[in-house]
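Protein chains: 2
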Amino acid sequence: MSRHENNPLPRGSLIGILGGGQLGQMLTMAATRLGYRTHVYAECSDSPGQRTATFKTSAGYNDKAALMQFAHMSDIVTFEFENVPAGTVKSIDDICPVRPKVKALEIIQDRFTEKSFIRDQEIEVTPFMAVSSGAELESAIKTLGLPLVLKTRRFGYDGKGQAMIRDMSDLKAAISDLNTHAAIAEKFIPFEREVSIIGARDIHGNIRTYPLAENDHARHMLAKTIAPAGGNAGLARNIMEKLLDALDYVGVMAVEFFELADESLLVNEIAPRVHNSGHWTQNAGCVDQFELHIRAITGLPLGNITPRFEVEMINLIGRDVLKTSEFASADNVFIHDYGKKEIKPGRKMGHVNRIVRGL
Amino acid sequence: MSRHENNPLPRGSLIGILGGGQLGQMLTMAATRLGYRTHVYAECSDSPGQRTATFKTSAGYNDKAALMQFAHMSDIVTFEFENVPAGTVKSIDDICPVRPKVKALEIIQDRFTEKSFIRDQEIEVTPFMAVSSGAELESAIKTLGLPLVLKTRRFGYDGKGQAMIRDMSDLKAAISDLNTHAAIAEKFIPFEREVSIIGARDIHGNIRTYPLAENDHARHMLAKTIAPAGGNAGLARNIMEKLLDALDYVGVMAVEFFELADESLLVNEIAPRVHNSGHWTQNAGCVDQFELHIRAITGLPLGNITPRFEVEMINLIGRDVLKTSEFASADNVFIHDYGKKEIKPGRKMGHVNRIVRGL
Numbered sequence: 001m002s003r004h005e006n007n008p009l010p011r012g013s014l015i016g017i018l019g020g021g022q023l024g025q026m027l028t029m030a031a032t033r034l035g036y037r038t039h040v041y042a043e044c045s046d047s048p049g050q051r052t053a054t055f056k057t058s059a060g061y062n063d064k065a066a067l068m069q070f071a072h073m074s075d076i077v078t079f080e081f082e083n084v085p086a087g088t089v090k091s092i093d094d095i096c097p098v099r100p101k102v103k104a105l106e107i108i109q110d111r112f113t114e115k116s117f118i119r120d121q122e123i124e125v126t127p128f129m130a131v132s133s134g135a136e137l138e139s140a141i142k143t144l145g146l147p148l149v150l151k152t153r154r155f156g157y158d159g160k161g162q163a164m165i166r167d168m169s170d171l172k173a174a175i176s177d178l179n180t181h182a183a184i185a186e187k188f189i190p191f192e193r194e195v196s197i198i199g200a201r202d203i204h205g206n207i208r209t210y211p212l213a214e215n216d217h218a219r220h221m222l223a224k225t226i227a228p229a230g231g232n233a234g235l236a237r238n239i240m241e242k243l244l245d246a247l248d249y250v251g252v253m254a255v256e257f258f259e260l261a262d263e264s265l266l267v268n269e270i271a272p273r274v275h276n277s278g279h280w281t282q283n284a285g286c287v288d289q290f291e292l293h294i295r296a297i298t299g300l301p302l303g304n305i306t307p308r309f310e311v312e313m314i315n316l317i318g319r320d321v322l323k324t325s326e327f328a329s330a331d332n333v334f335i336h337d338y339g340k341k342e343i344k345p346g347r348k349m350g351h352v353n354r355i356v357r358g359l
Numbered sequence: 360m361s362r363h364e365n366n367p368l369p370r371g372s373l374i375g376i377l378g379g380g381q382l383g384q385m386l387t388m389a390a391t392r393l394g395y396r397t398h399v400y401a402e403c404s405d406s407p408g409q410r411t412a413t414f415k416t417s418a419g420y421n422d423k424a425a426l427m428q429f430a431h432m433s434d435i436v437t438f439e440f441e442n443v444p445a446g447t448v449k450s451i452d453d454i455c456p457v458r459p460k461v462k463a464l465e466i467i468q469d470r471f472t473e474k475s476f477i478r479d480q481e482i483e484v485t486p487f488m489a490v491s492s493g494a495e496l497e498s499a500i501k502t503l504g505l506p507l508v509l510k511t512r513r514f515g516y517d518g519k520g521q522a523m524i525r526d527m528s529d530l531k532a533a534i535s536d537l538n539t540h541a542a543i544a545e546k547f548i549p550f551e552r553e554v555s556i557i558g559a560r561d562i563h564g565n566i567r568t569y570p571l572a573e574n575d576h577a578r579h580m581l582a583k584t585i586a587p588a589g590g591n592a593g594l595a596r597n598i599m600e601k602l603l604d605a606l607d608y609v610g611v612m613a614v615e616f617f618e619l620a621d622e623s624l625l626v627n628e629i630a631p632r633v634h635n636s637g638h639w640t641q642n643a644g645c646v647d648q649f650e651l652h653i654r655a656i657t658g659l660p661l662g663n664i665t666p667r668f669e670v671e672m673i674n675l676i677g678r679d680v681l682k683t684s685e686f687a688s689a690d691n692v693f694i695h696d697y698g699k700k701e702i703k704p705g706r707k708m709g710h711v712n713r714i715v716r717g718l
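Order-wise, the sequence lines are chains A and B. Under this note's numbering, think of the first position of the first sequence as 1, with each following residue one higher. Under this note's numbering, think of the first position of the second sequence as 360, with each following residue one higher.
Treat the hints with caution; some may be incorrect.
Derived contacts from chain B toward chain A, CB cut-off under 7 Å, selection only [to be verified]: (1) G371; (2) R410; (3) N663; (4) I694.
Since the hints were made in silico from the structure, they are not lab data. Note that this is a predicted model, so its numbers are computed, not measured. The beta-carbon is built from N, C-alpha and C at its ideal position, and this holds for glycine as well.
Only chain A is shown next, with the shape it has when bound in the complex (with noise of 0.2 Å):
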């Protein structure tokens, strides 16, 4: 299919979507508000991301028909998680535009190649060392300090694969596991606040960026966003514009701030694709991070996305899905059930948005 790259991806193409969790589900449904066409790929089958899309392929990232069909199929192609074999997103870029763009998901993937990549913009980061020995770690105590957080450099998601190491006595089980995961050293930082802020970057190189959104965490996952947060906004954006633009990224990008007691702002960590800690737009009022996606790969103008609300997001971890009827009968609250059917501990099913006022 030829077309003009400044033209807008016409109304029925077909974008195929990496990854059938919620965050898929959701851009499915962002595309077909647009007139767009969905394929969603994913391992399982009846995954979430399935369920809303015009065409499903279960089949592994290693499946070469499978994903050369796939791509065939597409006009473009994007995908919801991070984790997604950088070599497969390669494969199908050879036939069909892949955004983000591959470039932007290598470094990112690997968390201390992302960091370096943050530090050489200049931007501030958590101090950090790369380690894959008892000896590394060792030499990054003593540069870095206790306590720290070794996080595996690949495949860490919802503090899955990350360890604090506050004394000597954590630091044996720290190492054997460094037998298995090359990893990274950050300093433990003492922050006042977890925000976040949402962008996206269009085809054309314009950007636009939602507020600060501040960010509650239990357990190593998200529990909460509240938002606009306040905070140094103008710095969050500044620093989201310069990552954006340095990645040639395409698409919305999510970065994660620790904010100091002086409101400055140290990123944690980026993920490239649209984000738990955007999922309070879905309901203030503007458009939303999905739909914001699917206009940032497409073409289609980005619009404006300034909330009409300030908006809580709760996330429904396990059995909490099972309140839907509770938050039914409330006023301004607003499900999403991922209708995820095995209710696990600590598995995400659902998020809720409440309007707490209007701005």
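Starting from the known structure of chain A, arrange chain B on it as the hints suggest.
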């Protein structure tokens, strides 16, 4: 599947939807948000509703085997258009509850039984008479006066199956049409505005209504809705409540009125389903009509449906839908493209909602 009538349908249950148009599509997305799975049964394949459904069946409404399979899979069944054959609905209802009930559908499917039913509730309707012959038509002209509107008793929508009789010269063509279709003659009402109300009644008999909406038609098709629209909202609500109770109705219903100079209201017609004049609710900052319907038929609390915005809804007819880029760059405009492949003049392709102001 046995369950207590008073408990809401559990998450993960399967909602069957008869009809695959845009209304079905928007119902599937609302059902998905509430954690339900959906099955869209439509005559065509690749219909808008099927795009976002968990399961899809493409078969005729008299295909007994397909209907039985659909009914056996579903936990409840609803419909998105009132012209689904009542016999089809009855055969499903023997296996799986259909909401709204077939009784309401049967009454509303025939304009004469519909208007008679409304009049029997002591609600003001446009004066009408059944006509099935030239002699009866001439008698109707004597009783109701000219001009009058001749409508087929069944299967009319968007002005299809309607003719205005202004003088005796219009009569001849009308009489020849009467040979093929039973009809109803309605006195022409020189109304001030066309307004409508959307409301819902749940399985427990609870009722909620949105404010009145004002509708502008062009070529017998809804062009624009603006809501809230002032007018005699109390009267409209009373009429809606009376009708919902009298029909023992479950789900969303729309009532269209002619508003006269003194703000009195004459019922023009009832639609036993979500309705084009309720699309504005999607961006009004409250539970929208699609989710309200799903809540009503599943037994979830109806919630608070007070709009936070005045919203203008504009239908995208035919090639209007190609202006997506223009709409995407406008402030406060939300795009709803149904994804219909073939653009035809007079075909409803999508709509946009524009937030006018906060309330």
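Here is how each hint holds up against the structure:
Taking 7 Å as the C-beta cut-off, the interface hint given for G371/B holds, the closest approach to chain A being about 6 Å. Against a cut-off of 7 Å between C-beta atoms, the interface hint on R410/B holds, since the closest Cβ of chain A lies about 5 Å away. Using the Cβ-Cβ criterion of 7 Å, the hint placing N663/B at the interface with chain A is satisfied: the shortest such distance is roughly 5 Å. With 7 Å as the threshold, the beta carbon of I694/B comes within range of chain A, its nearest partner Cβ sitting at about 6 Å, so the hint holds.
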